[in-house]
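Start from the sequences, fold in the hints, and give me the full structure.
Heads up: the protein sequence lines correspond to chains A and B, in order. If you use my numbering, the first sequence corresponds to residues 1 to 161, in order. If you use my numbering, the second sequence corresponds to residues 1 to 132, in order.
Some hints could be false.
[To be verified] Which residues of chain A face chain B? A few of them, derived with a C-beta cut under 8 Å, are:
| no. | residue |
| --- | --- |
| 1 | Ile17 |
| 2 | Val21 |
| 3 | Ala33 |
| 4 | Ala42 |
| 5 | Lys47 |
| 6 | Ile79 |
| 7 | Tyr100 |
| 8 | Ile125 |
| 9 | Phe130 |
[To be verified] Straight-line distance between alpha carbons at most 20 Å, and here's what the computed EDC-like set of lysine to aspartate or glutamate pairs gives:
| no. | chain 1 | residue 1 | chain 2 | residue 2 |
| --- | --- | --- | --- | --- |
| 10 | A | Lys71 | A | Glu114 |
| 11 | A | Lys19 | B | Asp106 |
| 12 | B | Lys84 | B | Glu48 |
| 13 | A | Lys19 | A | Glu113 |
| 14 | A | Lys19 | B | Asp92 |
| 15 | A | Lys19 | A | Glu114 |
I should point out that these hints are in silico values taken from the structure, not numbers from a laboratory. No residue lacks a Cβ here, since even glycine has one placed at the ideal position from N, Cα and C.
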Amino acid sequence: MTAKTQSTPQAASTDRIEKRVELRAPRARVWRAIADASQFAAWFNVKLDGAFAEGATTRGQITSKGYEHLKIEMQVQRIEPERYFAYRWHPYPIDPNVDYSAEPTTLVEFTLEETAGGAGTALTIVESGFDRIPLARRAEAYRMNDGGWSGQIKNLERYVA
Amino acid sequence: MSRSRPHPLIPSPAGRGGTAPKERDAVPVFAALSDATRLRLLRRLSTEGPLSITRLSHGTGVTRQAITRHLYALGSAGLVRHRKQGREQIWDLDAKRLEIARRYLDHVAVQWDAAAERLKAFVETQEETAEP
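As structure tokens, then:
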């Protein structure tokens with residue numbers, strides 16, 4: 001089963017990515033999977049310390065094997081029930097010894113729309129603000145993973161096959 | 001959801017091999033970009049096209065000498081190149097190397113693809129267990 005995500009062409013942009021995926025589930029169901037922290041945690045593979053609330057920060061610990069030492073902080077920006085959920089975070093908190101708190105964050109936005117007929121949900125995920133992330137940090141993501149990206153892509157290919 | 005799968009936003013450990021894009025190629029590129037002045041220079045070259053050092057330093061409050069140094073730093077990472085035109089050096093983007101920088105974002109996009117796959121599986125195939 002393939003999600004059929006689409007990338008919007010952003011030929012000259014290094015600032016944002018956009019994904020659109022159609023889900024065969026009602027909008028209320030998709031909304032809970034995203035905005036209910038316990039459900040978000042289940043598919044995102046993270047353990048979260050509390051519910052999402054506008055203006056609040058929810059902290060979490062990655063639960064994927066081998067990455068349990070990594071922490072994330074989701075600063076929830078806006079919650080518009082069944083329509084829009086946005087948070088800020090530090091992308092790629094790769095190195096647990098680095099304090100990323102002074103660096104700019106990226107904005108992650110989930111936007112939900114009913115598909116024609118109303119049975120399914122069109123979800124758009126946008127992460128933006130990469131141009132403000134120090135490029136040295138982005139380079140570090142390469143250095144610290146050293147070939148790891150290709151392994152990840154292979155894992156993904158196996159997963160969706 | 002206790003099965004061990006790669007985290008959508010965290011790359012796998014190193015050493016899995018495979019036909020990797022050459023991550024190391026990107027390191028000098030990003031290092032060269034980790035400076036506000038150099039980023040501004042790149043942005044101008046990408047929006048205004050080839051420019052002379054005179055034009056690039058005009059109104060920036062940065063000396064020609066400093067601008068020249070920054071341009072050479074970008075040049076040694078393969079991001080820009082220059083040619084002589086009369087007495088002026090004209091600087092232009094080397095678009096091929098900028099693609100390496102963009103590839104970083106492609107990787108981010110792949111991670112979000114994986115996350116979207118998991119979400120899809122979660123809402124389409126699983127019983128809801130955490131009803132509020």
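**OP:** List in ascending order the numbers of the hints, as given earlier, that are violated by the structure.
**Re:** When the structure is compared with the hints, numbers 5, 6, 7, 10 and 14 turn out to be violated.
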